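Engineer: Below, each chain spelled out in residue letters.
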Amino acid sequence: MIAHLVDRAWLLSDSPQSRAQAALGSAYRLWCDFRANGPAFLGLVVVVILLLAAAFAPLLATHDPLIQNLGQRLQPPSADHWLGTDELGRDVYSRLLFGARVTLGIVFAVVVLVAPIGLAIGCIAGYYRGATDAILMRVTDIFLAFPRLILALAFVAAIKPGIGSAVIAIALTTWPPYARLARAETLVLRDADYIAAVRMAGASHRRIILRHIMPLCLGSLVVRVTLDMSSIIIFTASLGFLGMGAQPPSPEWGAMIATARRFLLEQWWVPLIPGIAILVASLAFNLLGDGLRDVLDPKQD
Amino acid sequence: MIVVDDLRIRFGDHDVVRGVRFSVEAGGSFGIVGESGSGKTTVMRALAGLNDAWDGYLQVAGVPLGRGRNADLHRRVQMVFQDPYGSLHPRQTVDRALSEPLLVQGIGDVDRRIRKMLSDVALPAAARFRYPHQLSGGQRQRVAIARALISEPSVLLLDEPTSALDVSVQAEILNLLTDLRAERQLTYLMVSHNLAVVAHLCATVGVMSNGEMVEILSTEDLRAGRTQQPQTARLRALSLEMN
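Protein sequence lines correspond, in order, to chains P and V. Sequential numbering of the first sequence, starting at 1, is according to our numbering. Sequential numbering of the second sequence, starting at 1001, is according to our numbering.
Don't read these hints as lab results, they were simulated from the structure. Keep in mind the model is a prediction, meaning the values are calculated, not measured. Among the clues, some could well be false.
[Claimed, not checked] Computed list of chain V residues with no C-beta within reach of chain P, every gap over 12 Å:
no.	residue
1	Y1057
2	P1064
3	M1079
4	E1100
5	D1120
6	R1128
7	G1137
8	D1159
9	T1204
10	V1214
[Said to hold, decoys possible] Partial list, derived from the structure: chain P residues whose beta carbon lies under 10 Å from chain V:
no.	residue
11	S15
12	P16
13	S18
14	R19
15	R35
16	A192
17	D193
18	Y194
19	I195
20	M200
21	G202
22	A203
23	R207
24	H212
Note that the Cβ used here is the ideal one computed from N, Cα and C, for glycine as well.
Just chain V, same shape as in the assembly (with noise of 0.2 Å):
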């Protein structure tokens, strides 16, 4: 469903990803981790078309990715980003995020489908015309992933969606993900620096250090100790010390 080859991006003269490669199967679940700055996020936003500027190739849904989108492609890649109170229009109801994209991809039927996913998303419907500082952050983002989903697209990025959120609220999150995914067959690509948020949502997981894909191995081998690489090593120590 995924497929990246050789990307590489520059900023200025500072090369932030060096020639990483994955691919995620159809339905799979595939999380990238590393340290601040290894540049996991900016592969991601290469994938979903807000960064023209790299090289190599990518490729979605079979489509090889140009660096300019089309309308099928919006529909078919939708993002969840890191941080709810910065990822809704103040100014907008979720009646009006909700229904962006379906008056910009000229989706019909748009009454029942936002009512739908808002009780997909477990949120209240009163939450409808409410504007985003009138919602918790775990309401927030709800709403963003309603705003990913609505549109019915087929991989979905997550920019470590649960970071921003306070501990009971992460777990609810990753269990609607978690619940969201079995329903809608969906490709999963999520970034994080804590290996127990992609541990348990990913079945596969890339290390990523210094703008390089070091190693990938399964969730299993991770939780195991099974590491080939000194990086993969040092973050699983990390994470278990924090823990």
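Next up, chain P with everything else stripped away, as it sits in the complex (with noise of 0.2 Å):
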């Protein structure tokens, strides 16, 4: 089984053996598609360098990303300082590892939290229409009508600044987007002949909604949340540039630019270092996006 992995032939076989088989064949020629995608196959190199990066943090850091180190302050990049210190003389090329963490970790921690959410809210809504579509879709209204940055800040005022705040206050400005999404799709989906097909034979709404009718929406939710991955990371970097994300000595990106931001003029390369990265990270997810779309998007078709 493992040995069919690259097998080429195996997976490519026009008449499969197995579901697996069948399976196999079809997500490698999603990948063949992915891959003559350049920018696309760009983006995902960038995403899986910055998830390593961020994983192997501690072996890949030549500093404590925390130990300060006053006599060193802002020095230019050089062979011991890769890419120079901050204000504190703290090593920016380690910060900026371990900040990839911090951001990385709020984009993820938002993704879970929310895509399920909005899939089986805009699933639920499109799939039984009428009352329940009408109760749920207002309430989505309501979420969507929140300022996010707005409401992030009045969550950091009333509980506290840091991660778990920010991760809550993007969460909840996050997931209507995907619920009107899903719903869109179901709403299509739902009359098809192969979902009365389904119907007929006697499956429960429950089985309809989660076997048939969802793994259709997938492919949509995960091209939009793909997409969103960079404006959440920008979002994350606003709030601590605001001093209302991670909080100090914590490396954050934001919070990197924030404190830095006053030798723009003299020592510029200790702000634009972690701009860069901000930059980078939110280009290869949206890069990542748009190769996606073209693959996955039925849409498109």
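Both chains come to you apart, so use the hints to assemble them.
Structural biologist: Okay, here's the thing in structure tokens:
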């Protein structure tokens, strides 16, 4: 079975011998389509590098990101400090690595919280229509009406500044578009003949939603989530910049820019480097999302 | 096997079906013909349980139909849809499509039944784990027929089962349906706008026009032109022109 995974002929077989082979074969075809898309593949490579950097930050870092050394402050990049040091003499390269953990952590916490909720609410509303739909969609509208930044600021003020508050604030304002997307797809899918066929076979509503409708909504949801990740990264950095996200001394890209902005004219590289990190990360997720849309979104066929 | 009496269906304030009545005996085959918008598919969807907003009396296999359906009825009545490109789930293999009715209804012996069903509808065993986009239109319609028959229903509803296929494939599918009916003693109710297709498969034909069933006649009478109503004569003339 494992040996088959590198066997192109087996994967692309015209008459697969099992469901697993059929599923792997179609996944492999998607992968081939995706790999042919240069920018999207670049995006994937950068995202993977970011993930590895975050995962192995303690091994890759040359210095402790929290250790201050006032004798070495605001150093330009050198052999000892690859990306220089900040205003407290901390190594920027090491802080960048550990900052990736904070940023990607927030991004994935939000996605894990938000995607299933949006998907479930959207599918249920679209499938049952009528009163259920009206109630769920009005609730969605209410959440959609919250201004994201103000809600985040209110949370931070009410609870405490930190990553947890940032995640909750972003999550509360991120799920409504997913619910709408899933609802719109479900409204079309529920009247398809293949859904009528499973209904006639006697499948329960639950089974129809979970096994027949949701898998078809997943593609466009994954695309949308991936594209949204870049805006979550930027929002996280904005909160950090305003001092509402990760708190010092914890390294966070937005907060790093905020504290270094005073040196923008003389030691310009200190705020520039975390800025580049934010740009690269959000660009990578955007490219990846665009590529996934080409491959996964059936409306493009 | 099927009794429809005074069936009325409204969509909004528009009467789509107005007092249709007909019956089909066990093992019989009944065709409903009519122009687009005459309400023929609506009648079928009510019998299929896909539309609950009807008034009147419906009975299938001796059981009067209510608004809800029970598992037994799901097993007895199955349907083949018009468009084979829209009636198979795009992300499910043939195997998955065929096993779903068996799993839902708790029928065991899935593997053997699927293999038998595929050979009964003359699909190669190699097609079992293909996705719909890897199949031709005729093959897809064979899968749809297999899916309808795998839970061994006694009534098969056919909603223009060949109209989306090209002519040579149409004949294959019609012959397949004829053979399956003989083998399995199925009762067919078929909807079509093509008189030739209906005449090929059905012994009796009901003509619908504007929500009413204006005439019920045997296929021989239809072929010979012994029609009573002007709508039937018009349909027949149109059909002869087309051929």
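Engineer: Checking a non-interface call: every C-beta of chain P should be farther than 12 Å from the C-beta of E1100(V). Is that right?
Structural biologist: Nearest chain P Cβ is 6 Å from E1100(V), so the label is violated.
Engineer: The hint names S15(P) as touching chain V; please verify it with the least Cβ-Cβ distance against 10 Å.
Structural biologist: holds, 3 Å
Engineer: R19(P) was flagged as interface toward chain V. Is the shortest Cβ-Cβ separation under 10 Å?
Structural biologist: OK, holds: R19(P) within 10 Å of chain V, min 6 Å.
Engineer: Tell me if R35(P) is really an interface residue toward chain V, meaning its C-beta lies closer than 10 Å to one of theirs.
Structural biologist: violated, 20 Å
Engineer: Should the hint that P16(P) touches chain V count as held when the rule is a Cβ pair under 10 Å?
Structural biologist: OK, holds: P16(P) within 10 Å of chain V, min 4 Å.
Engineer: Checking the smallest CB distance to chain P, is P1064(V) really beyond 12 Å?
Structural biologist: Nearest chain P Cβ is 18 Å from P1064(V), so the label holds.
Engineer: Under 10 Å, Cβ to Cβ, is where D193(P) needs to be relative to chain V, so tell me if that hint holds or is violated.
Structural biologist: holds, 4 Å
Engineer: Verify that the Cβ of D1120(V) lies farther than 12 Å from every Cβ atom of chain P, and report whether the claim holds or is violated.
Structural biologist: At roughly 18 Å from the nearest Cβ of chain P, D1120(V) sits farther out than 12 Å, so the non-interface label holds.
Engineer: Are H212(P) and chain V close enough, Cβ to Cβ, to be under 10 Å, as the hint says?
Structural biologist: Interface hint status for H212(P): holds (6 Å vs cutoff 10 Å).
Engineer: Hint M200(P) vs chain V: min CB-CB distance below 10 Å?
Structural biologist: Cβ of M200(P) sits 6 Å from chain V, so the hint holds.
Engineer: So, A192(P) near chain V? Judge it on the closest CB pair being under 10 Å.
Structural biologist: holds, 6 Å
Engineer: Hey, is M1079(V) genuinely clear of chain P, shortest beta carbon separation above 12 Å?
Structural biologist: Given that some Cβ of chain P is not farther than 12 Å from that of M1079(V), nearest at about 6 Å, it is violated.
Consistency with the previously given hints fails for numbers 3, 4, 6, 8, 15, ordered from lowest to highest.
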